[in-house]
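*Asks:* Chains A and B supply the protein sequences, listed in that same order.
Going by our numbering, the first sequence wraps up at 115, each residue one higher than the last.
Going by our numbering, the second sequence wraps up at 1165, each residue one higher than the last.
Think of the hints as simulated: they come from the structure by calculation, not from any bench.
Accuracy of the hints is not assured; some may be wrong.
[What the hints assert, rightly or not] On the chain A side, residues computed to face chain B include the following (Cβ under 7 Å):
#, residue
1, Leu5
2, Met25
3, Pro29
4, Met61
[Unchecked claim] If you want the footprint, here are the derived chain A segments under chain B, 3+ residues with CB under 8 Å:
#, segment
5, 49-59
6, 70-77
The C-beta atom is built at its ideal place from N, Cα and C for all residues, glycine as well.
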Amino acid sequence: MEEQLCTEKWVERVAIVAASGELDMLTAPQLRDAVQSALAQNPAGLIVDLTSVDFLGSAGMQVLMEAHNQTGGTETRFAVVADGSATSRPLKITGIADLIDLFSSLDDAVENFTE
Amino acid sequence: MTEGPAGYSLGTMTDQTFSTSAPDADFVRVDSADALTVARMRRELSQWLRTHLTLDPDRLNDVLLAVNEALTNSAEFAYRGQQGTMTLRVHYNGADGALIAEVSDGGTWRHVDPESQPNTRGRGIPLMRALSDRTTISQTPDGTHVRMQFGDCAARVAAEVYAPA
């Protein structure tokens, strides 16, 4: 019943980890696992897509910051796709949006990463 | 809306929607302080807020996120692996349109100097302060009590009175 579905797909060498539902202390570990699994495959870029996330708590933000720290200074680019009250707004309020590249649509992010 | 952190302003409702006093409303839940309870209380509060108030999507999420962070701190820190309960009380004051959310537990939150934390953590309390109009956190020997106030929340009942026929 507490489902946090994370899917992984690739566009060229860019890994896209898409989450859906609620990202809180209960479900954030699943996103962490999905991010680690993608990074283990040494992608040129990692995009975490929060388009289908309807709640983002600080536990979810923690996973995003971990990915940011982990990719910093490496060849792997990192970005987050978020739009709306539940996701991009908290990322802006906390200042995370100043640290992590934020796109409002997955298409924009993929285009930016693969051009 | 009163002052907030730099660059941050809250969505406000139009004055007319609560110029007539709306009935008070209360939401109270008591349950074990754990992650499952946090998720369930948050969902139930979401339903309750949608039923009783006409918050815009930003404001609705602000209330839910602020309450989530207080509940998460109780679930994560209050009892340090021991079992305990947490209480969520939300009161809507129809006279002035204020929503008061209170989270209490019988434990003590670990005090961590924000400066000593890694950059991945420590966002809960700053979020509560940024999202609410006023946050007070009281620590007593009996537990921790968080009170967050959200002003200018319009009641659904009052809004319907003013809705065009």
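*Asks:* Run every hint past the structure and note whether it holds.
*Replies:* Hints versus structure:
no., hint, verdict
1, Leu5, "violated, 15 Å"
2, Met25, "holds, 5 Å"
3, Pro29, "violated, 10 Å"
4, Met61, "holds, 6 Å"
5, 49-59, "holds (count 5)"
6, 70-77, "violated (count 0)"
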